[in-house]
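Position chain C relative to chain Y; hints supplied.
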Amino acid sequence: MTKYLQIELIIERMAHKRACRVLESAGMTGYTVFPAMAGYGGSKRWSRDTDISASADMVSIVSIGDEDKVRNTMDEIASLLGAHIGIVTLTEVEVMRPGRF
Amino acid sequence: MDVAISTLLSPIILFFALGMFAALLRSQMSVPEAFAKGLAIYLMMAIGLKGGVEMSKNPLTLDIMLVLLAGIVLSFLIPALAYLLLRLTTKLDQTNAAATAAHYGSISIVTFVAATEAVRLSGLDSGGHLVAVAALMETPAIITALYLASRGQKRSEPVAGSEQGELVREVFLNASIVVLVGALAIGWIAGEEGTASIQPFFVGLFQGVLCLFLLDMGLSAGRGLRQGWRQLTAAIVGFGLYMPLISAVIAAGTAYILGMPPGDAALLITLTASASYIAVPAAMRLALPEAKPSIYLTLSLGVTFPFNVTIGIPIYIYLALLINGQG
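One line per chain: the protein sequences are Y and C, in this order.
So the numbering used here is basically just the index in the first sequence, starting at one, shifted up by 639.
So the numbering used here is basically just the index in the second sequence, starting at one, shifted up by 15.
Read the hints as simulated data drawn from the structure, not as lab findings.
Be a bit skeptical, because a hint or two may be false.
With a straight-line Cα cutoff of 20 Å, these simulated SDA-like cross-link-like pairs (lysine to any residue) come out [to be verified]:
| hint | chain 1 | residue 1 | chain 2 | residue 2 |
| --- | --- | --- | --- | --- |
| 1 | Y | Lys656 | Y | Gly721 |
| 2 | Y | Lys683 | C | Arg241 |
| 3 | Y | Lys656 | C | Asn189 |
| 4 | Y | Lys656 | C | Val183 |
| 5 | Y | Lys656 | C | Ala190 |
| 6 | C | Lys169 | Y | Gly721 |
| 7 | C | Lys52 | Y | Ser686 |
| 8 | Y | Lys708 | Y | Gln645 |
| 9 | Y | Lys683 | C | Met60 |
| 10 | C | Lys52 | Y | Arg687 |
| 11 | C | Lys72 | C | Leu54 |
| 12 | C | Lys52 | Y | Ala677 |
| 13 | Y | Lys683 | C | Gln246 |
| 14 | Y | Lys683 | C | Arg41 |
| 15 | Y | Lys683 | C | Val252 |
| 16 | Y | Lys683 | C | Phe187 |
| 17 | Y | Lys656 | C | Leu182 |
| 18 | Y | Lys656 | C | Phe187 |
| 19 | Y | Lys708 | Y | Thr641 |
| 20 | Y | Lys656 | C | Val252 |
| 21 | Y | Lys656 | C | Gly180 |
| 22 | C | Lys169 | Y | Ser718 |
| 23 | Y | Lys683 | C | Ile310 |
| 24 | Y | Lys683 | C | Trp244 |
| 25 | Y | Lys656 | C | Pro173 |
| 26 | C | Lys52 | Y | Gln645 |
Sample of chain C residues lacking proximity to chain Y, with all beta carbon distances greater than 10 Å (derived) [stated by the list, open to error]:
| hint | residue |
| --- | --- |
| 27 | Glu69 |
| 28 | Gly176 |
| 29 | Pro308 |
| 30 | Leu312 |
Predicted, not measured: the structure shown is a model, and the values here were computed from it.
Backbone N, C-alpha and C define an ideal beta-carbon position, used for all residues, glycine too.
If we strip away everything but chain Y, and leave its shape as in the complex, we get (with noise of 0.2 Å):
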């Protein structure tokens, strides 16, 4: 039986669009991007309503796929938060429309 997992980043605004990119390049189906309202990090709040030019703002990116097509982003996705400020969880979930992933 397929496993599925679930992808979560959460990236920088700036960043979301080079993330985005390495999931579409590694043949993932589909993603969502998500607004973040506000957190903490690295000893820092930070919340949209500071930054005029939303550069520091976060987003939240959910992918689904089997396991193989997730695990090969992992490398791109991990030179990617080399550069930038986020996080990246990785889940296991059951999916109602496998044909969809």
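Here is chain C on its own, set in the frame of chain Y:
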């Protein structure tokens, strides 16, 4: 002294102070994000149109071309000086010092807008071409900073997912440059008669919208400072206060050499002394992601911007009057 008092007590600055104090006192007051972005676009359109209309009244002279060129040269050179001072006086590494220096070579359009109002309140005239100078000064600093950051470093692999041209798009086609230059060109082409029908919207409402926007800027600056002050050492905060003054003196010297009238000189000095917190932070996140935004953004938005709009602008106007023998 009168200039300083009338600037400090103008509703624009008082609304900025209100926003800043509200944020420092942890008030929940906020201006909706999309509305604030709309206000910023309105202000850039208004200032661009006004500059374009002013430019359409006079031919493009050699003097104006020299001022445009001076703006570009200042924006290229100021980051080098800022970088040197940061490396000498703070413990910032090469990347963080270069990223911070870029902010001080580029400009803050809101500081410029506040200065045009202060110049007008002081009874001085200013030319529309200073809006073009503002647009031209946005980006050269970024190029200098990228050179400073890469000096002596091994050429690094491109970050995963990066695309050719994304930085150039961000730097040259960011919203403020497109709107400012576009509105300037429209004002120039349409002239005073052509823009008469939209004057009530862009001139009549301008000061009220500026008050609203500066209230939001005060909130942003106050919250940025409250949340990020731990990242700033005394030496870095000191830099955020003395660097605008050093830039101002260099710009005043340039304005003196070019024989600029006081209103124009005050705006060139303000532009040179101001620090970016819109275009440059966004470019730095793409080009130098290792640099810490909590340092450069907090410093430029939380320290230098409030300093410039309250204390800086009256000093810059005074400097402009001084070099014209009216101080």
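Each hint tested on the structure:
no.: 1; hint: Y:Lys656 to Y:Gly721; in the structure: 16 Å, holds
no.: 2; hint: Y:Lys683 to C:Arg241; in the structure: 10 Å, holds
no.: 3; hint: Y:Lys656 to C:Asn189; in the structure: 16 Å, holds
no.: 4; hint: Y:Lys656 to C:Val183; in the structure: 15 Å, holds
no.: 5; hint: Y:Lys656 to C:Ala190; in the structure: 18 Å, holds
no.: 6; hint: C:Lys169 to Y:Gly721; in the structure: 17 Å, holds
no.: 7; hint: C:Lys52 to Y:Ser686; in the structure: 16 Å, holds
no.: 8; hint: Y:Lys708 to Y:Gln645; in the structure: 11 Å, holds
no.: 9; hint: Y:Lys683 to C:Met60; in the structure: 35 Å, violated
no.: 10; hint: C:Lys52 to Y:Arg687; in the structure: 12 Å, holds
no.: 11; hint: C:Lys72 to C:Leu54; in the structure: 28 Å, violated
no.: 12; hint: C:Lys52 to Y:Ala677; in the structure: 18 Å, holds
no.: 13; hint: Y:Lys683 to C:Gln246; in the structure: 8 Å, holds
no.: 14; hint: Y:Lys683 to C:Arg41; in the structure: 16 Å, holds
no.: 15; hint: Y:Lys683 to C:Val252; in the structure: 17 Å, holds
no.: 16; hint: Y:Lys683 to C:Phe187; in the structure: 31 Å, violated
no.: 17; hint: Y:Lys656 to C:Leu182; in the structure: 12 Å, holds
no.: 18; hint: Y:Lys656 to C:Phe187; in the structure: 18 Å, holds
no.: 19; hint: Y:Lys708 to Y:Thr641; in the structure: 11 Å, holds
no.: 20; hint: Y:Lys656 to C:Val252; in the structure: 33 Å, violated
no.: 21; hint: Y:Lys656 to C:Gly180; in the structure: 13 Å, holds
no.: 22; hint: C:Lys169 to Y:Ser718; in the structure: 17 Å, holds
no.: 23; hint: Y:Lys683 to C:Ile310; in the structure: 11 Å, holds
no.: 24; hint: Y:Lys683 to C:Trp244; in the structure: 9 Å, holds
no.: 25; hint: Y:Lys656 to C:Pro173; in the structure: 14 Å, holds
no.: 26; hint: C:Lys52 to Y:Gln645; in the structure: 34 Å, violated
no.: 27; hint: Glu69; in the structure: 27 Å, holds
no.: 28; hint: Gly176; in the structure: 3 Å, violated
no.: 29; hint: Pro308; in the structure: 5 Å, violated
no.: 30; hint: Leu312; in the structure: 6 Å, violated
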